[in-house]
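> The primary structure of each chain is shown beneath.
Number of protein chains: 2
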Amino acid sequence: MQPISFITDGQNMKRDVFQALADPTRRTIVALLATQALTPNSIAENFDVTRQAVSKHLRILTECELVKQEQQGREIYYHLEIKKMKEIDLYLEKVRSIWESRHNQLDQLLNQLKTSK
Amino acid sequence: MQPISFITDGQNMKRDVFQALADPTRRTIVALLATQALTPNSIAENFDVTRQAVSKHLRILTECELVKQEQQGREIYYHLEIKKMKEIDLYLEKVRSIWESRHNQLDQLLNQLKTSK
DNA sequence: ATTTTGAGAAACCAAAAGGTTGCGTATATT
DNA sequence: AATATACGCAACCTTTTGGTTTCTCAAAAT
Numbered sequence: 000m001q002p003i004s005f006i007t008d009g010q011n012m013k014r015d016v017f018q019a020l021a022d023p024t025r026r027t028i029v030a031l032l033a034t035q036a037l038t039p040n041s042i043a044e045n046f047d048v049t050r051q052a053v054s055k056h057l058r059i060l061t062e063c064e065l066v067k068q069e070q071q072g073r074e075i076y077y078h079l080e081i082k083k084m085k086e087i088d089l090y091l092e093k094v095r096s097i098w099e100s101r102h103n104q105l106d107q108l109l110n111q112l113k114t115s116k
Numbered sequence: 000m001q002p003i004s005f006i007t008d009g010q011n012m013k014r015d016v017f018q019a020l021a022d023p024t025r026r027t028i029v030a031l032l033a034t035q036a037l038t039p040n041s042i043a044e045n046f047d048v049t050r051q052a053v054s055k056h057l058r059i060l061t062e063c064e065l066v067k068q069e070q071q072g073r074e075i076y077y078h079l080e081i082k083k084m085k086e087i088d089l090y091l092e093k094v095r096s097i098w099e100s101r102h103n104q105l106d107q108l109l110n111q112l113k114t115s116k
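Just so you know, the protein sequences line up as chains V and U, in that order.
Quick note on numbering: numbering that gives the first Met the number 0 labels position 30 of the first sequence as 29, and the sequence is numbered without any gaps.
Quick note on numbering: numbering that gives the first Met the number 0 labels position 87 of the second sequence as 86, and the sequence is numbered without any gaps.
For the record, the hints were derived by calculation from the structure and aren't laboratory data.
Derived lysine-lysine pairs resembling BS3-like cross-links, with alpha carbons at most 30 Å apart:
#1 V:K93 <-> U:K55
#2 U:K83 <-> U:K55
#3 V:K13 <-> U:K13
#4 U:K85 <-> V:K67
#5 U:K82 <-> V:K82
#6 U:K13 <-> V:K55
#7 V:K85 <-> U:K82
#8 U:K85 <-> V:K93
#9 U:K85 <-> V:K13
#10 V:K93 <-> U:K13
#11 V:K83 <-> V:K67
#12 U:K55 <-> V:K13
#13 V:K85 <-> U:K83
#14 V:K83 <-> U:K83
#15 U:K93 <-> U:K67
#16 V:K93 <-> V:K13
#17 U:K83 <-> U:K67
#18 V:K93 <-> U:K93
#19 U:K83 <-> V:K13
#20 U:K13 <-> U:K85
#21 V:K83 <-> U:K13
Let the sequences and hints guide you as you build the complete structure.
Okay, here's the thing in structure tokens:
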């Protein structure tokens, strides 16, 4: 069997959201961008890495569409696409629903045993 | 400023949950384990990789405590620790609350402008 | 008692990740 | 017009990742 990806935008997503959020620095950047749109430079000021490193992180976040760019003169403002986080919820819900239905099956089994005694 | 990890068990967690779920194969394993506890061999049968590779994935999932082992004879059953997924919710909630409060501020500003015209 | 089976551990490898420095280019500033 | 600034891109380096193969060990099966 093939490894199934539970997150498949299918068309033009080069990167998956989980992988993008695997890096703690990127998670912090996302949290930062939740407050307001920011430029690479202003983000870099909050970290211990160069502006180029932040740029790379932003590229990855952009590739999975968690973040969008908006050019303003020579500056580029990056802002969060909060909707994209839904995809993570989707996976969590999927796993939980499987988990729950398993319990229901157990409950059903227990009920059957109970009523047939 | 230091890169802040939003997921810090602090004490004995060697691996963070987001990173563990970054790999699509591991996400599928987690979904599989949501149905029932399984041995490495039975998991490997569902994939295109060797048992050893699955073992490695299970080690990573175990390190972040998303999965627990239960020895039975010479077999080891791996079962999902569904509670651990809460940590992901926590991050999502954090980001969303930041995002919401930002909007509230904007709403407040708009209201102020409206009442003072 | 011998052989098979389940599984972790180790050694190894190619590819990806995360970082750096240096460069090119477009937009502001003077 | 000359200079400074904001940024992306490319090249490079080191560490991590995901996989394989091989080995060893303990538990079952014969």
